[in-house]
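Hey, can you work out the whole structure from these sequences and the hints?
Chain order of the listed sequences is A and B. Those letters in the first sequence? Residues 1 to 504, per our numbering, in order. Those letters in the second sequence? Residues 1 to 90, per our numbering, in order.
Read the hints as simulated data drawn from the structure, not as lab findings. Treat the hints with care, since some could be wrong.
Stated by the list, open to error - Here are some chain B residues pointing at chain A (derived, C-beta under 7 Å):
{"no.": "1", "residue": "M34"}
{"no.": "2", "residue": "I71"}
{"no.": "3", "residue": "S72"}
{"no.": "4", "residue": "L77"}
{"no.": "5", "residue": "D78"}
To be verified - So the derived list for chain B, only partly shown, Cβ under 7 Å to chain A, looks like this:
{"no.": "6", "residue": "A15"}
{"no.": "7", "residue": "L70"}
{"no.": "8", "residue": "M73"}
{"no.": "9", "residue": "D80"}
It should be emphasised that the depicted structure is a prediction, and the values quoted were computed from it without experimental measurement. In this text, a Cβ means the ideal position worked out from N, Cα and C, and glycines have one as well.
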Amino acid sequence: MAVKKMGLKQKYAHLTRGLDWETTYEKMDDVFPYDKFEGIKITDWSKWEDPFRLTMDSYWKFQAEKERKLYAVIDAFAQNNGQTNISDARYVNVLKLFLTGISPEEYQAHRGFAFTGRHLRGVGPRVACQQQSLDELRHFQTQCHTISHFNKFFNGLSEFRTMHDRVFYLSVPKSFFDDARTSGPFEFMVAIGFAFEYVLTNLLFVPFMSGAAYNGDMSTVTFGFSAQSDESRHMTLGIEVIKFLLEQHPDNLPIVQEWVDKWFWRGFRLLGLVSMMMDYMLPKKVMSWKEAWEIYFVEAGGTLFKDLERYGLKMPKYHEQATEACEHISHQLWGLLYQLSHVAGLHAWMPSDEDMDWLSEKYPNTFDKYYRPRFELWKQQEAEGKRFYFNGLLQLCHTCQLPMTFTEPDDPTTTCFRESEYEGQHFHFCSDGCKDIFDREPEKYISSWLPIQQIFQGNCGGPTVPDVLKWYMFGPNDGAEYVGSEDHKLWESWKNTTTKEAAE
Amino acid sequence: MAQIASITLYQNDEARPVMEAILQDNPTARVLNMPGAVKIDVDDELVINRATVEEKLGSEWDCQQIHMVLISMAGNLDEDDDRITLSWKH
Numbered sequence: 001m002a003v004k005k006m007g008l009k010q011k012y013a014h015l016t017r018g019l020d021w022e023t024t025y026e027k028m029d030d031v032f033p034y035d036k037f038e039g040i041k042i043t044d045w046s047k048w049e050d051p052f053r054l055t056m057d058s059y060w061k062f063q064a065e066k067e068r069k070l071y072a073v074i075d076a077f078a079q080n081n082g083q084t085n086i087s088d089a090r091y092v093n094v095l096k097l098f099l100t101g102i103s104p105e106e107y108q109a110h111r112g113f114a115f116t117g118r119h120l121r122g123v124g125p126r127v128a129c130q131q132q133s134l135d136e137l138r139h140f141q142t143q144c145h146t147i148s149h150f151n152k153f154f155n156g157l158s159e160f161r162t163m164h165d166r167v168f169y170l171s172v173p174k175s176f177f178d179d180a181r182t183s184g185p186f187e188f189m190v191a192i193g194f195a196f197e198y199v200l201t202n203l204l205f206v207p208f209m210s211g212a213a214y215n216g217d218m219s220t221v222t223f224g225f226s227a228q229s230d231e232s233r234h235m236t237l238g239i240e241v242i243k244f245l246l247e248q249h250p251d252n253l254p255i256v257q258e259w260v261d262k263w264f265w266r267g268f269r270l271l272g273l274v275s276m277m278m279d280y281m282l283p284k285k286v287m288s289w290k291e292a293w294e295i296y297f298v299e300a301g302g303t304l305f306k307d308l309e310r311y312g313l314k315m316p317k318y319h320e321q322a323t324e325a326c327e328h329i330s331h332q333l334w335g336l337l338y339q340l341s342h343v344a345g346l347h348a349w350m351p352s353d354e355d356m357d358w359l360s361e362k363y364p365n366t367f368d369k370y371y372r373p374r375f376e377l378w379k380q381q382e383a384e385g386k387r388f389y390f391n392g393l394l395q396l397c398h399t400c401q402l403p404m405t406f407t408e409p410d411d412p413t414t415t416c417f418r419e420s421e422y423e424g425q426h427f428h429f430c431s432d433g434c435k436d437i438f439d440r441e442p443e444k445y446i447s448s449w450l451p452i453q454q455i456f457q458g459n460c461g462g463p464t465v466p467d468v469l470k471w472y473m474f475g476p477n478d479g480a481e482y483v484g485s486e487d488h489k490l491w492e493s494w495k496n497t498t499t500k501e502a503a504e
Numbered sequence: 001m002a003q004i005a006s007i008t009l010y011q012n013d014e015a016r017p018v019m020e021a022i023l024q025d026n027p028t029a030r031v032l033n034m035p036g037a038v039k040i041d042v043d044d045e046l047v048i049n050r051a052t053v054e055e056k057l058g059s060e061w062d063c064q065q066i067h068m069v070l071i072s073m074a075g076n077l078d079e080d081d082d083r084i085t086l087s088w089k090h
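Rendered as structure tokens:
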């Protein structure tokens, strides 16, 4: 007798329900010790549903096919010397920031979801978390494999793992994930699943990977979009978490709202690094950071939160400040990196005249008024042989760990400083959003590992700048100005060879 | 103001029949072309019908094959054997 093939809904029901049991030798609360202390109330775990209805067997099938396609492209890229066909060697600095700042966070996400996938009491979310955990591990691996080809030619990539744990600006993404991973399982899901994956990840992967496509980096665009196809599933998990928590019990709303507020602001600060990539580091630009923010936060995020109003959930606190700050953050951060690139693991440069005109067009309210004059002065100093570097240690925001470089919400000529006192000590913040996060859980953040404070305490290789850079495992040619760097010279030599051979 | 349901797909041959099916079945769809990716927006609800994709493709297509060409999306998802819906309607 032929067995009728099961429909998708039926198959999902069979493979995500009735897989475990009420324990009797051990108390359920001892088996799942972490899913209550945050105050979240769950009355019926079976209400959880993955709308993709992806079961483990289909998951393996699709992931295997994605891998085969990706590795075919990576092979072809290496075989055909794809590195010589990128738009410009400046582009590789995007990969340096990505590999040192983002890829290790994929690994953190892998571990975080493995933990959550163990510790939630319901089978539906456990299956979804386990799939996401495997995805994140795949992202970390494919990113290393893809970018390893560039490591054969360019500086600043080889010691990415150590750099991530030690370098001052990389503590921005590291502290973000450390914070999420030291939260309870529900906060982790809201932080990474909802705030990061659903609300903000499009801003990281879509315009940035489209940028890789536009700049001739076939292998990166392929891993990027291959990862992003998993992200769509993660986004679905993220929104499912929110709906599930809000539908389970009305007491969950204030807790979830606080998490959404916190993780939106933390994510916004973290993505400042992406704003720099989009507006300054891509030699051929796809869209401005401000345009991406309009599409993916103002429009898509606005729609999402309008939908969630029915549960009483509001737009994240300070979202207006974030949107207003999008006129400024990429310029402020690039200006900062330019001044600090001699102590960084990647290169910086001043935009060309053509790029400055593009920035004026994209930022008509702010670029010419506040940033062009500063950049033109630096260019003039370069022409006079006096390239400007800032020599000194920076004050960091205690929450996001970015240097205090951002300006007041209503005054782009005044640096924003906020301060809190806790147990007789002063703590400094770059914004109201970061101060609020600290004030809500000061006992958590007083134990933060702040890279500048750690240098002063003598924990970073020694007292001098060369000592610290050695401890960061920076090579002698990893940082400083791009023009005249080894990367630049290598690129010029490739371009000259091509021109000569073509002419002969 | 309408709430926008949206899907972003690879800009490649595998995704093309899906994109064509969306444009046919969602007459108000708007297309944003980016290098390597295409974003399709529809007011309130976006539907992908398996039958239409199969007609464009000329062979069988399983709705879960969307995972091979998907980059991003917006809207509450519902997927079964015959269609994928992204919607803000309740």
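Consistency of the hints with the structure:
1. M34: At about 4 Å, which falls below the 7 Å cut-off, the nearest Cβ of chain A leaves the hint on M34 of chain B intact, so it holds.
2. I71: Hint on I71 of chain B: holds, closest Cβ of chain A at ~5 Å, below 7 Å.
3. S72: 5 Å, holds
4. L77: Holds - the Cβ of L77 of chain B comes within 7 Å of chain A, reaching about 4 Å at its closest.
5. D78: 6 Å, holds
6. A15: 10 Å, violated
7. L70: 5 Å, holds
8. M73: Nearest chain A Cβ about 5 Å off; hint holds.
9. D80: 5 Å, holds
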